[in-house]
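Asker: Make the full structure from the sequences, and use the hints.
Residue numbers for the sequence shown follow the working numbering, so the first one is 75 and each next one is one higher.
Hint data in this document are derived by calculation from the structure and do not stem from the laboratory. Fair warning: this is a prediction, and the values are worked out from it, not measured in the lab. Beta carbons: idealized from backbone N, C-alpha and C, even for Gly. Don't take each hint at face value.
Unchecked claim - Here are the simulated DSS-like pairs of lysine-lysine, each with C-alpha atoms no more than 25 Å apart in a straight line:
#, residue 1, residue 2
1, LYS291, LYS175
2, LYS175, LYS187
3, LYS150, LYS239
4, LYS175, LYS239
Stated by the list, open to error - Pairwise CB distance ranges, derived in the manner of DEER restraints:
#, residue 1, residue 2, range
5, THR258, PRO288, 40 to 48 Å
6, ARG156, ASP248, 33 to 41 Å
7, LYS239, LYS187, 28 to 36 Å
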Amino acid sequence: MYRAWRLGGSVFYVILFAMIAGFLALRLYSVLGKRTGHEQPLPKPAEERVAAASMPRTIDMKPEVRETANRAVDAKAENGLRAVIAADQNFDVAQFLEGAKSAYRMVLEAFWKGDEETLGWLVEDEVRSGFAEAIAMRGEAGHVLENRLIAIEKAAIVDASVDGKVARIAVRFDADIAAVTRDTEGNVVAGSLTDAVVTHDVWTFTRRLRSDDPNWKLVETDEA
Numbered sequence: 075m076y077r078a079w080r081l082g083g084s085v086f087y088v089i090l091f092a093m094i095a096g097f098l099a100l101r102l103y104s105v106l107g108k109r110t111g112h113e114q115p116l117p118k119p120a121e122e123r124v125a126a127a128s129m130p131r132t133i134d135m136k137p138e139v140r141e142t143a144n145r146a147v148d149a150k151a152e153n154g155l156r157a158v159i160a161a162d163q164n165f166d167v168a169q170f171l172e173g174a175k176s177a178y179r180m181v182l183e184a185f186w187k188g189d190e191e192t193l194g195w196l197v198e199d200e201v202r203s204g205f206a207e208a209i210a211m212r213g214e215a216g217h218v219l220e221n222r223l224i225a226i227e228k229a230a231i232v233d234a235s236v237d238g239k240v241a242r243i244a245v246r247f248d249a250d251i252a253a254v255t256r257d258t259e260g261n262v263v264a265g266s267l268t269d270a271v272v273t274h275d276v277w278t279f280t281r282r283l284r285s286d287d288p289n290w291k292l293v294e295t296d297e298a
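Answerer: What follows is the structure in structure tokens.
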């Protein structure tokens with residue numbers, strides 16, 4: 075009987091150890107046998123690492139034109155933008171275009187309101203003089219503009235260059251504007267706030283490179 079118990083106990087422990095081994099095997103598989111998506115890539119063979127390290131770095135590579143996804147740079151402006159980026163490594167196309175759109179809105183609204191002070195720090199002197207003359211003529215006629223910029227449909231860089239220490243970038247704006255002109259009594263002289271007018275303008279901005287002032291100023295306005 076004692077021998078039978080020992081035999082039965084041995085079988086029991088064999089079965090128990092087999093169950094434990096099977097459980098551990100399943101645990102190891104669940105941890106090591108499945109990909110979690112966070113695994114480190116396998117190291118490359120030594121010959122591949124040497125080949126990768128020995129590739130010469132091109133030092134005369136043209137600066138990359140960083141642009142927005144909707145192709146906001148005209149092909150003819152790319153070489154000029156490379157020159158701008160080469161002169162100012164912090165220049166970013168998308169950031170510049172966002173700033174240009176903000177300037178477009180601010181300049182238009184300041185002109186419509188006759189706010190020459192705001193125009194003074196957004197535009198260069200020659201453009202400011204043109205705006206001031208138009209504002210004065212509007213005042214003499216007793217006209218008041220009630221315009222609204224509905225939307226900027228597109229802003230794209232169409233030209234760029236570097237002249238000495240000055241960068242110059244031209245941006246085409248396609249926008250919808252609701253325009254109304256009223257007289258001193260509030261009567262509508264021209265335009266309508268219910269019908270937006272599609273406009274196409276090319277504004278040119280300049281900035282002195284590597285200066286403490288990061289702002290670009292408007293130096294020229296044209297119809298596209």
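Asker: Holds or violated: LYS150 and LYS239, Cα atoms, limit 25 Å.
Answerer: Satisfied, since the Cα-Cα distance of roughly 21 Å is no more than 25 Å.
Asker: Would you say the C-beta atoms of LYS239 and LYS187 sit inside 28 to 36 Å of each other?
Answerer: 34 Å, holds
Asker: A range of 33 to 41 Å was offered for this pair. Does it hold for the Cβ distance of ARG156 and ASP248?
Answerer: Check failed, 25 Å falls outside 33 to 41 Å.
Asker: Does the beta carbon distance between THR258 and PRO288 stay inside 40 to 48 Å, or does it fall outside?
Answerer: The hinted range 40 to 48 Å holds for THR258 and PRO288, with Cβ atoms some 42 Å apart.
Asker: Assess, step by step, whether the Cα of LYS291 is no farther than 25 Å from the Cα of LYS175, and give holds or violated.
Answerer: Since the Cα atoms of LYS291 and LYS175 sit roughly 12 Å apart, the hinted pair holds (cutoff 25 Å).
Asker: Just to be careful, I want the Cα atoms of LYS175 and LYS239 compared with a cutoff of 25 Å; is the pair within it?
Answerer: 24 Å, holds
Asker: Quickly compare the C-alpha distance for LYS175 and LYS187 to 25 Å and report which way the hint goes.
Answerer: 19 Å, holds
Violated hint for the displayed structure: number 6, the only one.
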